[in-house]
Structure formats: C-alpha cells, structure tokens
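Asker: Residue numbers (UniProt numbering), protein chains in the order written: chain A, 1 to 474; chain B, 1 to 474.
The list treats identical chains as one, so a pair stands whether inside a single copy or across any two.
Lysine-lysine pairs mimicking PhoX-like chemistry, simulated, CA-CA at most 20 angstroms apart:
#1 Lys252 x Lys329
#2 Lys129 x Lys334
#3 Lys129 x Lys28
#4 Lys28 x Lys126
#5 Lys64 x Lys319
#6 Lys129 x Lys329
Treat the hints as calculated values from the structure; they're not laboratory data.
Model, not experiment: these values are computed from the prediction.
Protein chains: 2
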Amino acid sequence: MSKNKKLVESITSRDVDFSQWYTDLCLKAELMDYSNTQGFIIYRPLGYGIWENIQNYLNNEFRKTGHQNVYMPMLIPESLFQKEKDHVSGFAPETAMVTTTGVENLSERLIIRPTSEVLFGTHYSKIVKSYRDLPKMYNQWCSVVRWEKTTRPFLRGKEFLWQEGHTVHATAEEAKKETHQMLEVYDKLGKELLAIPFVTGRKTDKEKFAGALETYAIEALMHDGQALQSGTSHYFGNEFAHAFDIKFLNDKNELEYAYQTSWGVSTRLIGAIIMVHGDDNGLVLPPYVAPTQVVIVPIRPNEEVLSAVKQIENELSDKFRVFVDDSDKSPGWKFSEHEMKGVPLRIEIGPRDLENGQVVVTFRHNYEKHTVALTDLHKFVEDGLKTMHEAMYQKALEATTSRTYEAKSYDEFKAFLKQGGYIKMSTCGEEAEIQIKEETGATARVILDEPLLTENCPVTGKKATQTILFARAY
Amino acid sequence: MSKNKKLVESITSRDVDFSQWYTDLCLKAELMDYSNTQGFIIYRPLGYGIWENIQNYLNNEFRKTGHQNVYMPMLIPESLFQKEKDHVSGFAPETAMVTTTGVENLSERLIIRPTSEVLFGTHYSKIVKSYRDLPKMYNQWCSVVRWEKTTRPFLRGKEFLWQEGHTVHATAEEAKKETHQMLEVYDKLGKELLAIPFVTGRKTDKEKFAGALETYAIEALMHDGQALQSGTSHYFGNEFAHAFDIKFLNDKNELEYAYQTSWGVSTRLIGAIIMVHGDDNGLVLPPYVAPTQVVIVPIRPNEEVLSAVKQIENELSDKFRVFVDDSDKSPGWKFSEHEMKGVPLRIEIGPRDLENGQVVVTFRHNYEKHTVALTDLHKFVEDGLKTMHEAMYQKALEATTSRTYEAKSYDEFKAFLKQGGYIKMSTCGEEAEIQIKEETGATARVILDEPLLTENCPVTGKKATQTILFARAY
Numbered sequence: 001m002s003k004n005k006k007l008v009e010s011i012t013s014r015d016v017d018f019s020q021w022y023t024d025l026c027l028k029a030e031l032m033d034y035s036n037t038q039g040f041i042i043y044r045p046l047g048y049g050i051w052e053n054i055q056n057y058l059n060n061e062f063r064k065t066g067h068q069n070v071y072m073p074m075l076i077p078e079s080l081f082q083k084e085k086d087h088v089s090g091f092a093p094e095t096a097m098v099t100t101t102g103v104e105n106l107s108e109r110l111i112i113r114p115t116s117e118v119l120f121g122t123h124y125s126k127i128v129k130s131y132r133d134l135p136k137m138y139n140q141w142c143s144v145v146r147w148e149k150t151t152r153p154f155l156r157g158k159e160f161l162w163q164e165g166h167t168v169h170a171t172a173e174e175a176k177k178e179t180h181q182m183l184e185v186y187d188k189l190g191k192e193l194l195a196i197p198f199v200t201g202r203k204t205d206k207e208k209f210a211g212a213l214e215t216y217a218i219e220a221l222m223h224d225g226q227a228l229q230s231g232t233s234h235y236f237g238n239e240f241a242h243a244f245d246i247k248f249l250n251d252k253n254e255l256e257y258a259y260q261t262s263w264g265v266s267t268r269l270i271g272a273i274i275m276v277h278g279d280d281n282g283l284v285l286p287p288y289v290a291p292t293q294v295v296i297v298p299i300r301p302n303e304e305v306l307s308a309v310k311q312i313e314n315e316l317s318d319k320f321r322v323f324v325d326d327s328d329k330s331p332g333w334k335f336s337e338h339e340m341k342g343v344p345l346r347i348e349i350g351p352r353d354l355e356n357g358q359v360v361v362t363f364r365h366n367y368e369k370h371t372v373a374l375t376d377l378h379k380f381v382e383d384g385l386k387t388m389h390e391a392m393y394q395k396a397l398e399a400t401t402s403r404t405y406e407a408k409s410y411d412e413f414k415a416f417l418k419q420g421g422y423i424k425m426s427t428c429g430e431e432a433e434i435q436i437k438e439e440t441g442a443t444a445r446v447i448l449d450e451p452l453l454t455e456n457c458p459v460t461g462k463k464a465t466q467t468i469l470f471a472r473a474y
Numbered sequence: 001m002s003k004n005k006k007l008v009e010s011i012t013s014r015d016v017d018f019s020q021w022y023t024d025l026c027l028k029a030e031l032m033d034y035s036n037t038q039g040f041i042i043y044r045p046l047g048y049g050i051w052e053n054i055q056n057y058l059n060n061e062f063r064k065t066g067h068q069n070v071y072m073p074m075l076i077p078e079s080l081f082q083k084e085k086d087h088v089s090g091f092a093p094e095t096a097m098v099t100t101t102g103v104e105n106l107s108e109r110l111i112i113r114p115t116s117e118v119l120f121g122t123h124y125s126k127i128v129k130s131y132r133d134l135p136k137m138y139n140q141w142c143s144v145v146r147w148e149k150t151t152r153p154f155l156r157g158k159e160f161l162w163q164e165g166h167t168v169h170a171t172a173e174e175a176k177k178e179t180h181q182m183l184e185v186y187d188k189l190g191k192e193l194l195a196i197p198f199v200t201g202r203k204t205d206k207e208k209f210a211g212a213l214e215t216y217a218i219e220a221l222m223h224d225g226q227a228l229q230s231g232t233s234h235y236f237g238n239e240f241a242h243a244f245d246i247k248f249l250n251d252k253n254e255l256e257y258a259y260q261t262s263w264g265v266s267t268r269l270i271g272a273i274i275m276v277h278g279d280d281n282g283l284v285l286p287p288y289v290a291p292t293q294v295v296i297v298p299i300r301p302n303e304e305v306l307s308a309v310k311q312i313e314n315e316l317s318d319k320f321r322v323f324v325d326d327s328d329k330s331p332g333w334k335f336s337e338h339e340m341k342g343v344p345l346r347i348e349i350g351p352r353d354l355e356n357g358q359v360v361v362t363f364r365h366n367y368e369k370h371t372v373a374l375t376d377l378h379k380f381v382e383d384g385l386k387t388m389h390e391a392m393y394q395k396a397l398e399a400t401t402s403r404t405y406e407a408k409s410y411d412e413f414k415a416f417l418k419q420g421g422y423i424k425m426s427t428c429g430e431e432a433e434i435q436i437k438e439e440t441g442a443t444a445r446v447i448l449d450e451p452l453l454t455e456n457c458p459v460t461g462k463k464a465t466q467t468i469l470f471a472r473a474y
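Whenever a hint applies, use it, and build me the whole structure from the sequences.
Answerer: Laid out in structure tokens, this is it:
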C-alpha cells in the first residue's frame, strides 16, 4: 500500500457519513485544527487563505458601493448592551463576560462582542448631527464570540471571523435600498468567487434577526440536502435610532430619527465551499477563491526539469497563485496531498515531458488530464480556471434545482424532506411554520416572491398567504 | 471669523502643549474617537485606512519572505497561559479574564490574548514532527488586550490592533536570521511607506520581551524629542520549545528541540506618523500610506467644471486614491478640513482655471502651490507624491540626526536630555541603566554597534562595556 493510498483512505466517504466526512476533511486538508480553548478553532494557512480571498473580493465590492472600514472595541459594557431589549434578549444567553483582570475585579461586567450594533449605534449618535453627515456606511472585519453549546468547524463555533456592515441613512427608502444592495453583493460573491448558487429572500418573522424589522438571507444547498444560511442583511427602520438617539437636522432644519441597516457574512462560507464542492478525495476549491490555484510537481527532476519548473512558475505567477512542491516526498503522495487540499490545477513535468516541450495538467474538479504544449500553457491555465469555475457553478446549480421540490400536501412535504433538498410550500404563516419545525425539523429558509402553490395551507387547512422555501438546515 | 479659521483654532499649538496637540489632532482629524468602553478606542475610517495600507504593505513583504497568515483563538485557558514562567510573570497583571457567560460560570478562567506565543507554541508542538515540517513561518493579524492603567490614542490602550509573527526553525542560526530579517522588513516599512527613519538595534536585558533571549526593536524620534518603540523582533532560542515540547526528527532520525522567533508591529505606528510629521494645521500623511492621496475641490462649480472634475478623477484613479469633495461646504472650510486630515495633495479647479486649461495643486507638507496644465497633471501628481515622500523622510531624518547627542559625562547627558532627543553614552551595563532611569526617566532604547565613547561609564565610574542609545520614551 502506497503512502498516498493511506492518506486518502483516512477520510470517511461522503455518502457513507457526511458529518464524519466533513470533520475528516477539515482536519486532513489542514483547513483548521482544534485548539486548547474548548469550542475555539485554529484557522490554518489554507482556511485563513480562503477567508483572505473572500475579504479581498468583498473589500473591493464594499469600496465600489461607497463603504469604509472601521474598527470598534472588542468589549461592550453590560449596561450599554442592554439598551435595545429585543437585541439583548436574542444574545444575552450566549455572551462571554470579562469580570476581572490579573489584579482587580471590574466594577461593570464587559461583554465580548457577539455583534456590534450597540457600538455602532452609540458612535453614530455622536457623529451624526446633520443631513450633511449622512449616509454613513461603515464595515468592520473582526471576530465575535457567542457561547454555543455544540460546535462544528466553520459552521458553529464559540468564536468566528466575519464582517459586519452597519449603515445609517436619512430615509427609510434609502436604508431599504442598502439592505437589498448588500444582499445582491453577497449573491454576486457566490456567483463570481465561490461558485455557489444562493437562493436569496426575506426571512419570516420567526427567523429574523433580534431587533431587526426585516432580515434577508442568502441560503445554499449542501451535498447532503441540508440548507446553510450563508449571510444576512437586515433593515432596522429607526428602532435602534430611537434606542440610541441617532437624530439629525434635515435640510429644513427639523430634527429626525435616522434609519439603519446591518449585514454580514462569516467564515461559515468556508463550510459552504467544503460541503457544496468537496468529494471523497478531499476539498475541491473554486479556482478564484483558492489560495493556491496551480501546483507544479516535478517528476524525477534533473537540472533541466528544475530550471523549466522555475521558468513555468515565473511565467504563471504574473496572473495566478502558484506553488512548486519540490519537497522530497513521492509524486503520488504529493498528488494525494494537493487533491486533499483542493488545488484546482496540477501541473506535472518530468524529463520526458520536457523533451517533448509539454506538461501534463490535471483538473481537480473532474480529474481530467490534458497534455499541454509549454508554449500554450499560460493561456490553457487561464481558460482552464475560467471553465472550471463555470462548470463548478453549473454543477452546484444543477444539484440545487434538481433537489428543489414543490409540495402541495403535508405528506408530500414529508416525503421530499426524506430525500433532502429545498421544498416549496404555500402556508398560512407562523402557526404552520412552528408545527412543521416541531414535527419534521425543517425550518423556513426564505419567503419566495412566487405565486401560491395551493389555495389553503397543507398543514393547518387555513388560507395560504405566502410561498416559503423550507429545508432542514445547519 | 470664517468657519475654517474656527476649525484650525480648535487645535492646541504643537510647541505649546505637545500632548494636548496630539489628542486634539487625533479627534479633529477623525482618526479615532473614544468609546463607551473605558480605555478602548474606535478606529474611524481615516485611522483604520492608514492601518489597512500598513497591512497591505506588510502582507506583501511577509509573502515575499515566505510567511503565511493564520488565525488563533482570542481566548487562552489560564493553565495554558502559565506554562512559560517568564512570559506569564510579564503579562499576568495586565490580563483580562472571562469567567462567566450569560448562563453559567466557567470551570476555568479564560484570558483574552495579550499576545499569542502560548497558542502558537501549542499548535507547533502538534504539527511539527519532522525536519520536513520546518520551517513554519506564520503571522496573525488580530487585536490584543492588555489592561493598561493610563491610555493614550494609538500609543497605549487596553486593546490594540497588531500583527504577530511566530516562526519555528530547525536551527538557532536560521531562527536568528529570521529575527534580523523581520527587523529589516520593519525598517524598510519606515523608509518606503511611513517616511520615518528608524534606529534599529538590540534591547538591553532589562528592556527585552518576557521570555525572549534577545529582543530587537525599531525606535523613532518624535517631534517633542521623545522616542517611540515602534516594533520588535524576538529570538527565543529553544526556551519555549522546551516549555511547549516542540520537537522534530532531524534527517539523521534524532529528536531535537526547535528554535523560535516572534515579531510584531501595532497601531502604535499611527501614533508615530502623527508625532513625526504632523503640524499645527493637523495631520501630515506620507503619500504612500495616505488613504486619500489627492482631494479635488471644485471652486464655484458650473457644469463644465463638474464634468472636468469627473474626468480628472477618472484619469488619476488609475494609480492614485482620489476623493472629490463636492459637498455644499465652503472651499475654505474644505481646505482646512483636508489639511487637518493630512491629505497629501489638494487640487482646486474653478471656471477661470478651466478656461486656462489648468488647475492649482497644493502640497500638504510644505504648503507649496503650483499651477499645473491639465495635460501634465497625471505626471505632476506621480512625481509630486514621490518628491513629497522623499522630502518628508529627509526632514524626519534631519530632525533625528540633529537631535542625536553623544554624552561623555553624566552632566552632559542630563543637559542633552533637557533639550530632548537621542543620547549616546557608553555604560557599564544594567547598574547604570537602572540609576539613569530612576534619576532622569530616560531608558535604554537600543544597544548600538558602535565604538565606546569613553573608557569608563560616566554614571558608575566602572569600565564601560557598550554604547547605548538613551531617550525618554512613550
């Protein structure tokens, strides 16, 4: 048994035990590691590198849409945190509190931010005085702490990395427009960077964010047929403005309350990438988010091969993120390792290849091998990554649409749920939503802007009011 | 009195009360704001934007020198923190501790990281097994918490942003090389981005980092003649490797302890930029670190002027960070505001300028005004920013060298210290260092690799052993 065989076999098959496959992959692909702080993970270079590429993409989009980055304190005085009552009741049980230092007890407990609405609210109340100061469109990259009981790498942890945008506007209309704009930015992130087709829509009142008037979400369907909420965008109206006294003089010199939004995505997106694209050999990274896009493996390298590898590396590095694996491991071991880590393209080159002026290029997502002339390589890589991105997106889209069902009866609903996937059903509202959750474990993902499927709610028999996308969810 | 006059007058003069000038500038330039969490500041867009440009510069340098970014937990179990005794005794009094959540007390207290040596140490002990795994060269961007009693914006706070590099190597030689390499990266950051001439050197044993064998630092001289330690690079030998059991099989299959380094710079650098370059009208930003490099102010704008402004913005935005201030404030108010915020170049354009096909460009660092033809503008801006960077660096260098003194007697030392600046003196060692600190408040900044100035130590009369750079310091 070769060493690389052994590496591959150490992962549970995806269709045997999806949950175990996920954990195995997170560890073996070296995306993360467990830490000595229970419930907290270490983001290893591959996991953090994916996050950095998401950050770069979003920072660019945020800038184009007029946002600025800021940084707020990590700790929030307990009294400040309690100012907005819906908000505090949503988060209070999960808060971690600093009560003492190395030398003295604090006079007031400080909460490690689970989210920063109250900090932004307080700051805005101080700096927003006039219509001239509006809008303020800030974003923050940071880590937050929520004391979750059960944790899973990237999906649910006591600490996670995220961005939280917080904006303040002169009118409700402008704030609503911002809420939708940022939802669209997230949707585009899926299309252009993650190769993940999101379903976007409004959350039901039951599922919305603590303190928000409206919550919108991006949802994605994982390989096991469960949904993952992957990002949210909230409209607050002027509820927080009342709680935090955010007022401004309009151009008629009248005092008005301002309107707010907040929106965020987190390292959960790494979990989405894994569970949408991964396979039994490990991670499969969409090419534009991959920290390493091309790995070059020299085969039985002599001096000429090593010099050719160096030249290829230089040529490709102008546009692509390239890694040369010149370690003393066997080629087979290297192949398995880079497959496990999801590197989109592998280039092999040995003495024979060099004589023929060619290399062998292997695609991670479909294992296709191509013999490519050295002179065509740069263009082949560029086109190859593009084709690969599109193919991965299409495959994920197909896996989503083929598992999106329409239920016209509750029995049908339950049958579809067993297969896994999204189920559309027209319900009466919260009463049905609660019953469905209790009886099946499925939750309302988003309200769809689609016609009713049935006149009455299949669950309660009452008049159907809206069509909802249901699924079991992470 | 015009509005802009009022804005400028609200800042204390730099040479009247430097400390008040600093605080005024931090607030009025909108670099930061105080928060409701005592001792914690808010990094506003301008302050955070400077930090982002420092991050971009360093990330690029870190990548070129083979480093990878990771992210470690924010909280450290108290028992883990206590594993390395020198380290813990250095930090214990300043630690903030989480003892409870919203629903239950924790079984073990968790410390918010004041620095992450113990987390990296534990992770390295797990992932480093063989010489093939070495070196590991990781860096982390994060915020840390140290419970300081007195705080000042950017210089000393209960929370600050920083990067902390932590590396592990097979040999002492390689680790020492890394320690020096990163000190050079920081020195280059000063030269190329911040326009700050650093003095680099080794710290005395008294001033070195808790747990390190050797600490090197970059030091800068502020306008008031005090020094600011602006970054450090530490060599740990294998002390931490013993404490955290970081061992590897070398290529002879023998088990060895590994060697480590750590190094960091923080948002303190923002304080250095302010205190080296600022003047009585506010912040003066070195052009390459400035979030906005060029501000365009339309004067009595008609349609043609606004269209010309748009065109100039587009042309300059290919290479420079440009902001158009088309608010309804008066031009004079805008001039003061952007001077306060330290924008390197201001471009004014009105109907008369447009007729003549020209604009007026004003440099922030020396207030020089130039009339520039529109056709030459792009090149003028490019050359102007370059010239400005060099002039600011030279000015800061001159301010440093002209205030660097050599003391051959203790009286001379005390007289120089009154003037403010760096003072070189050859001392016997720690005994003199302690006496100087007690009697004058000056501390040893770095050990200089220079010949002795006197045979005997002017403080103790004992044999002089090394030449040290002293200063009062932040």
